[in-house]
Every structure is written in structure tokens, then in C-alpha cells.
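Trainee: Residues per chain, in single letters:
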Amino acid sequence: MTSGFILVVEDNKEWQDSYEQWFTLKKHQVVIAGNKEDALASIAQHTFDVAIVDINLSVAHGNQDGLDIVSHLKANSPATRVIVVSGSVTPELVTELRQQGLDYIPRSELKYKEFVTFVQEKVDQAHSQK
Amino acid sequence: MNSSENLLFLDTAEYKRKIDGFIEMLNEDGRRRLANNIRRYFPPSVTLRLIADRLLDDLASEREIAYPTTIMIIDVRDFVKTIRSIEQRHSGMERGRDLLQRFFDLAVNTIFSYEGMAGEFAGDRIMAVFGIPAKQNDHALRAVQAAIEIEEGIQKRINTRGMNLNANPFNVGIGIHSDTGLYLGDVGSGWRRELIVIGSMVNVTSRIEELTKHPDVRAVAGHNILVSSSAAALIAHNATLASVGAHVIRGYHTTTMDGSEDIQMDIHKVVHVDNNGQSIRPVQQTDELKALVSALAEYIESFSERKRAQKYRSAIENISMLWMSGSDLANILEEVITIVCSLFAAENATLWMVNPERTHLVPQVIIPPGTAVLPKPIGEGYVGAVASSGQPLLVLDAKQQQDATSHSQKDEALARYTVRSMLAVPIMLRGNTVGIIQLLHNQPEKFTLSDEETLMSIAAETALVLEKVQLEQEKHEIQKVSEQLEKFKHLSSSMLEHVRLSLVAQSNPEELLHAIMDGMVAVLSAQYATLYLVDWVQQELEFRVVIPRMSAENLPPRHPFSKGGIAVHVAQSGESVVISDLDTYEGHGHVRRAEGYDKATKFHPRSMMCVPVEARGMISAVLQVMDPEPDKFHEVDLDVLKLLAATAGITLENVLEYRRRTRAEQIASMSLMAGNMVHHFNNEVGLIPPTVEFLSDIIGDWEIPDDQRNFLGKNLHKITTSARNALNYVKIIREPFESKPQPTDVRTAIAEGIRRARVPGDVQITTDMTDDLPLVLASPELNIVFRDLVKNACEAMQSSPEKHIHIQTLYDGLDMLEVFVTDTGPGISADQRQNLFQSYGSVSTKGEANMGFGLFLANYYIEVMGGTLSIDGSYQGGAKFRVTLQVAKDLT
Chain A
1 MTSGFILVVE DNKEWQDSYE QWFTLKKHQV VIAGNKEDAL ASIAQHTFDV
51 AIVDINLSVA HGNQDGLDIV SHLKANSPAT RVIVVSGSVT PELVTELRQQ
101 GLDYIPRSEL KYKEFVTFVQ EKVDQAHSQK
Chain B
1 MNSSENLLFL DTAEYKRKID GFIEMLNEDG RRRLANNIRR YFPPSVTLRL
51 IADRLLDDLA SEREIAYPTT IMIIDVRDFV KTIRSIEQRH SGMERGRDLL
101 QRFFDLAVNT IFSYEGMAGE FAGDRIMAVF GIPAKQNDHA LRAVQAAIEI
151 EEGIQKRINT RGMNLNANPF NVGIGIHSDT GLYLGDVGSG WRRELIVIGS
201 MVNVTSRIEE LTKHPDVRAV AGHNILVSSS AAALIAHNAT LASVGAHVIR
251 GYHTTTMDGS EDIQMDIHKV VHVDNNGQSI RPVQQTDELK ALVSALAEYI
301 ESFSERKRAQ KYRSAIENIS MLWMSGSDLA NILEEVITIV CSLFAAENAT
351 LWMVNPERTH LVPQVIIPPG TAVLPKPIGE GYVGAVASSG QPLLVLDAKQ
401 QQDATSHSQK DEALARYTVR SMLAVPIMLR GNTVGIIQLL HNQPEKFTLS
451 DEETLMSIAA ETALVLEKVQ LEQEKHEIQK VSEQLEKFKH LSSSMLEHVR
501 LSLVAQSNPE ELLHAIMDGM VAVLSAQYAT LYLVDWVQQE LEFRVVIPRM
551 SAENLPPRHP FSKGGIAVHV AQSGESVVIS DLDTYEGHGH VRRAEGYDKA
601 TKFHPRSMMC VPVEARGMIS AVLQVMDPEP DKFHEVDLDV LKLLAATAGI
651 TLENVLEYRR RTRAEQIASM SLMAGNMVHH FNNEVGLIPP TVEFLSDIIG
701 DWEIPDDQRN FLGKNLHKIT TSARNALNYV KIIREPFESK PQPTDVRTAI
751 AEGIRRARVP GDVQITTDMT DDLPLVLASP ELNIVFRDLV KNACEAMQSS
801 PEKHIHIQTL YDGLDMLEVF VTDTGPGISA DQRQNLFQSY GSVSTKGEAN
851 MGFGLFLANY YIEVMGGTLS IDGSYQGGAK FRVTLQVAKD LT
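Going down the list, the protein sequences come from chains A and B.
Mapping to our numbering: the first sequence position 99 is 99, numbers consecutive.
Mapping to our numbering: the second sequence position 747 is 747, numbers consecutive.
Honestly, I wouldn't trust all of these hints.
Stated by the list, open to error - Covered, in the sense of this in silico footprint (three residues per stretch, anywhere, with C-beta under 8 Å from a C-beta of chain B), are these stretches of chain A:
#, stretch
1, 74 to 83
2, 98 to 108
3, 111 to 121
Quick caveat, the hints were computed from the structure, so don't treat them as lab data.
Bear in mind the structure is a predicted one, so any value in this text is a computation, not a measurement.
Just so you know, even glycine gets a beta-carbon here, dropped at the ideal spot from N, CA and C.
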């Protein structure tokens, strides 16, 4: 299994901890960003294999921060595989995300083994294209 | 003596003032007659003085002349013999009459020239009085001087120049006497009145005159003029007299102890009058006097004209007051033309009015009535010419004029009525000819330029009357409209207040309609009202609300357009109708029938108002108000009803729009709330399953006893299951918002709901759904609503002996479709109703999919779709749920 470099953009502390445990255990290197500013700073410093972005990052900016980060990643780090997770999105947004080639996983349906396997696949894809 | 003493008023200003006073004075018939009478006895100068000095009243009755006067009596000698001689020689009276007339002219002119009164022309005798009515100091001298001039005049003008054809000369005897005690007065009766002088001095004078026949007297030289001693004394300084002796004069007496006794009087014959070389003729006919006399004559001659003018003024005044009579215009015009016809003594009079199009003159009033007169084009004929020119037209003799005229002014009417005179003047109002007054007569020259002028004044006054009448009518109309507006305001405010209260009190559109119509019949004091919904697809009217209230099942059946009737007419035409009496009304296919509406409603209306109700730009309903009394409703009531119809339409639209917006806002709010709730729930609870899974994965590597592993695994599974269930529940909250409501067939949703409810075999389900139900606005979860309602009913009826669920749809033709779900269960208590739609409050929480939410979920779904779910609290014998759904056409 290839060890990957993963960015987690998540404002929920519990989820930050869980993501860190899950991916560290799988030998991945994890960078946690709790908000948009931290996320953009990390993206500026590193090139991540995978980015897991909570689309509803914060209500402070109209819940648009996650989308901004996704756009930034697509523009500045096209090799990074983006996986969008969210507690709740509208069907229209889901359709739009998928049209952009992004992977979306609703939190209510997220399963541990499936998820870490899916992330591993993305890491492998990233490495295979380097 | 000079003229100024006799004629004091010859000053110009004074003259004018006197004449004015005269005119004023003559306005009374009695004085005018008296003045005319006076003219016969006095010279013009005296007459003028009498009038100017307002002395006429002094002559109006007999009065004594307190100062001395002189009477002169002239008698023609042998007059009868002279006349007979003339008759014999000249075969007739003509010469004799001429002779006498010349004598009278001579005598009267002479008497008048000395300002004497000439009166009592009796046969061949004349009496004159000097010193009346105004005092004269030289009255005796004037008499003597006049007597001499008359005598000399006879000799010069009658006995010479061949005038006297008789062999005997024309001679007179003259007696003169001065004294007091003369009575003067205007006596008689009616028009036969005379100014007379009476008194003993008249008789004495007469006796003195008779003495001139006495041979002894005649023998004395001098004029044949005898004067009494009193007169002789007065003229002694100016005349030479010859005594003819003392004579007993009958009537000249003195009063003694034994009574009266005639006494002798010295009588003198006039020999010569000298007067110191000066004429005592007092009156010179100065220019001023002539002018004055001429003015007097002119005035008297024009008096009838003035009287006529006064009549005109009076007529104009009468016409000017007509507008205040309160009569209508037709009566006023008739009165005008009657006055005018009478005033100008016209045989035929017509009042023409210009029609509104200003193309024709239309006869409005014709005298005599019944005369056939056709409208006349403006510009044609005489009146047409007057109308087009705005100028009056006077035809003195139509026959001559028509003979000489062949152009368009030739008037058939004039020819037909053999009219000779015509006068037509325009009635002008604000510069426009609005009518013509035309007068006709079958005699020529019957109307004058003066008449034209007068008729123009009358026409001008008539125009003012027309204007005033129009203003009065407008004022009346405005007042009427104002009163109607006041009533309208009152009625409409009452109505709107009622509508407002109804809106506050009623949230159910059906009840709102009933409430509005209850208020409507109350405000309009009517007994019956009907609201028909117009079904344009089926071409039918549906009875929706009937006042007094009728239950839905008792309402009359739908009324096809093909059957006609007033409501159908109103729906199709959009017109409003007021009918005074339906028993006699036959319009719009209305037939009073024993069956149909009357039978169904048991009403027997006589009065009716019917108006269309517009909603969303089309006639969606028809509103009828009726009452058993005929002629109950009028225009103002109709206006109120129209307002109500508009209000009802708008109100219903507004209510529905308000509800739609409110629901939309509620739904948006719910959607946001649900999104946030689901987001946070998923964030928190969503972490549980993967964490448990991660933990299980970790534990799988642990070296622990199997029983412990099983224990941990079992409980971790429970945690995961509960978390997954919880996440699913939250998903349900969000689901209705995931898709927009779409037009949905409610019958399909109901059938699917029944199928999914898995109804037990012992429960009977019946439905009553019409085929023409519109699509409703709903999400795909609508069937879940009916599923839960049916399941809820089934559970409620578990212990009931009869298990029957009835589902009925009802569409009001407007915006909402209703579905009633009724069961035969025990019903729902008031306590249960309060929490019925709470998540924890369902009657039964068992079942496959209600997942403990009971009717909460059904209510939640319906509300998200913009509908309502309610329980009919008044329903007895079970539960009756009412679902309302928005009709899909609302979106379009």
C-alpha cells in the first residue's frame, strides 16, 4: 500500500480526530485544516495526493468556504484527488459536484472500511500518475 | 303780467323733471283718464301746469273755488233760424255744421289763448271760466278781452269772406260776471265723466247774457258784451263801459228776515278796452311750450306702446322666474311658448330645439297643440337659416317674399299654413344656437322690428332659464348621486367591514364565502342569495352557496348553460342585471317556473340583482341577490353588489395568495431549518457508524475471549443500527424538500396510499372521486399521507363493530381541492386533537413506516406541499380528516 499525503479540511473536531486516526493507522501522512485560511495555506505549501473537504465547512461565509477550497484545489493543484463529504447538501449541488468530476460521500452513509479503501485507491492513482 | 308768471316750468331742467313726474303719474289709469279729460277743457299750457304741479288730484272731485273768478257765457243769436235758413238754401246740414264748427274753433281758441276754461258746449252756447284752476288776478279783464276778440273774430272770419251764406249776420251775445262761490269738479261715472262748473254765478252770468237781447240794452252803443257790476269794477281801469241800467237778475238775491230776495244789479256794456296799449294775451306759444306740448302729445300717443313694453317686461320677468317653479324642462318650455304666443298675438308658435348632433331642429312645443311639424335640417327653411346664422328673421309678408324668393329659404310650412307674417329668433347659449322661437300669423305685417327686439330679449331670457334649469337638473343629479354615493359608502363600508371580519374569523374559504354572503344579504336587506361557480369546461353553473344556508347535498343540481336564464346570461355576457319583478320579467330566457330553482330552494323571489364575479381575469362566479318584494333593488344597490363581487373576487384571490405566500415562506423556513438540523445531525450522529466500524476493526486484532468479543460486537452493532435508523429518520425530514412539488393526480396518490396501507380484510374502503378532478401540486410522498391516514383509521377502528373508511374528493372550482377521509371509529377526543399532529402524539404509533411519527409525518408532508391537514371537530360518529391541496393550475 502506498503511503499518501492527505489534506483533511474539516471544522468538526471529532471528525478531525477520526480522520487522523483512520489514515495514520494506514500509514498516510495527514494535514488537518479547520478552516478555509488554513486550508489555502497548506495547499500553497504542499502538494497533496488526496484532499477530503467538508463542503459545509462553516456557516460564517454562507457555507461556501468548502466550495471555494475545491475550486482553488482544481485550479492550483490539479493532481490532488478531491473527495467531498458533507452532512447535508441539496440534490442540485450533488449533481453539480459530480458533473465536475468530484467524488461526494454523504456523512450519513459513510462507512469506515469503504472510505479508507476509497481514499487508498485515490492515493494510489495519484502516485501512479506522478 | 309776463309769461314767466304763467309758465313757471319752462326752465329745461325743470321741464325734464316735470315730464318725468308726469310719466310717473300717468302710470295710474285714473290719472291718465283725468289728464285726457282736462285736455278737453284747458289750453295745453294749463294742462301742463296742472300735471306738472300735480294739481290733477284737486280736480278729481268737486271743490269750491274760494277766490273770485269770472264766468263768460256766449250764446249765438237766432241760431236755429240761421241754421234753417242755411239748410233751405244749401240742402243739408253740412254748411250749418261747418259754420258752427268755425264758431266753436274761434271761441275756444280765443278762450284758451287767455288761459280760460272752455266748457259746457250745449247747442249754440259756450261757457268759459277764467281764474281756474290756477288763480288769475286779471280774470275779469281776460274774459272781457276774449269776448271782444271773439266778437271781432266773428265779424272778420264768419260774417265776411262769404262764409256766412245766410242773409242774417252771425251774432252772439256775451255775458260776463265775476264772483266767488264757484264749484269745480270731475263728476260722472265710469268713462262718462265731465269736468263741470256749478254755482249761482253761472246762472247769474246766464241771465246777464240773456239781457243782451233786450231792446233797451241793444240800443246802447258798444259791443254786445254785458258785464256785471262786480266784473265792471275789476276792469274799470282798463275799459270804457256804458251803463245799461240796473236790472233784476233772477238768482242774484240777498237774504232777508223774510227769506231771500232778488235784487237789482248794475249792468254795463263794454265799449272799449285800452289796457294802456299792452296786450294782456298772456300766452305766447314759445318754442319751449310747443316742445313741451309736443312731448306731452307724443307721450300720450306712445302710452299704449309703453304699456305694451311694460307687458313685455312683465312677460320676461315671468319667464325669468320659471326656472324656480320646480317644473321639468318640457313644462317650462311649454309655459314660455304659451306666454310668447299670447304676448305677440301669434296664431301659431313653435319652440324648436337643436338636436344633440346639431343637425336638425326638433319641434319641442307647438301652439296650437297637435299641429304636425317635422324636424327640420339646420340650414333649410326660415328656422333652419336662423339656426345656422344665429340671427333673427322677420318676414313681414311671406307671400310677397316667397314670390320673390326661390332659394332654399322658401319655407313649405309657411306655404302650407298660408302664413303671411313670421318672426323667428335664435335662443343662444354660450355662443351656440340651442333653439328657435318662431311666431306665425296668417295676416301680413303682424310682427314688427320692435317685436323682433322684444322676442330677442325673451329668447335671451329663455336661454338663461334653460341654463338655470340645466344647472338645477345637474345640481339635482349631483345631489342624487351624492345621496347615492353616501348610501353606497354606507353600504359598502358595512359590507367591507363584514368581509374584513369574515376574513378574520374564517380561514376556510367555504366558510368565508358563506360569511360574506350572509353579510351581503344583511346589508342589502335581501332575503336570498346564490353564488354560482361557472364551469366553463362543462358549460354549467354550479350552486355553491345558497342563502339562507342549504347543506351541500340539498343544493340544486348543476344548471347547464343550454337551459338559459339570467345567471347564465350574466356569466356569458359579463353584464349586471337588476330586475324589478321576476313574475313579469321575460328577458334572458327567464321563465317563472314551478320547478327548478324555486322548487329546489323553496324561494319565490320577485326582485333580483345579478352580477358576475371575476377572479384572475375571468368570470369565475355569478352572484345573485333576491327578495320576495318587487322593485326592491336600485342602481345604488347594484353598485354595492358589484363592489362586493369585486371585493369577493379580490378577497378570495388575496386570501389564497396570502396563504400561498405564507405557506411558501413557511416551507422555505422549514426547508432551511430541516437542512441545518439534518446537517448537524449527520455531522454528529453520522460519525457513530464509521467509528464503531473502526473500533470493531481494531478489536478484531485484539486477543480477547470469544464471549467478550461477541458481547462487544453485539452492542457495537446495536449502536450502529440505532445511529443508522436515526440518520434515516432525519433523511425523512429532509426528503420532502429534495424535490419540488409537481402536478400530481390525487386519485393515483390515494390508490397508492390505500395499497401501501395494507388494509385488513375486515375494513371496507369506499371512494367518491369525480372524474374531472384537477391535478394538485404535490411531491411524490403524497401517497404516504393517504397511507398514514388510512393506516391511522384502520388502527382506530380495531374495536369498532363497523369498519368503514370513506374517501371523498371535493373541488370548489377555484384553487383548492379537498379530500375527506372518514372512518367509523370511536372518533378523536378533544385532548387527542390537540397533539394529534405532533411527532409523539399519534393515536397509534404502530406500523411499518410511520416509525413512531404517526400523523406528524402526514401533516408534515402536506404542509411542505402547501396544503393542510385538519380534523373536522364537528363530525360525529368517527374521525373525519380533511386534506386540502393546491390545484396545480395555480402555478400557471
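Trainee: For each hint, tell me whether it holds in the structure or not.
Mentor: Results for each hint:
For the stretch 74 to 83 of chain A, the assignment as covered by chain B is violated, since 0 residues bring a beta-carbon within under 8 Å of that chain's beta-carbons and 3 are needed. Figure legend: the stretch 98 to 108 of chain A, annotated as covered by chain B; annotation consistent (3 residues with Cβ-Cβ distances under 8 Å, at least 3 required). Counting residues of the stretch 111 to 121 of chain A whose CB lies closer than 8 Å to any CB of chain B gives 4, which reaches the minimum of 3, so the coverage claim holds.
Checked against the numbered hints given earlier, this structure breaks only hint 1.
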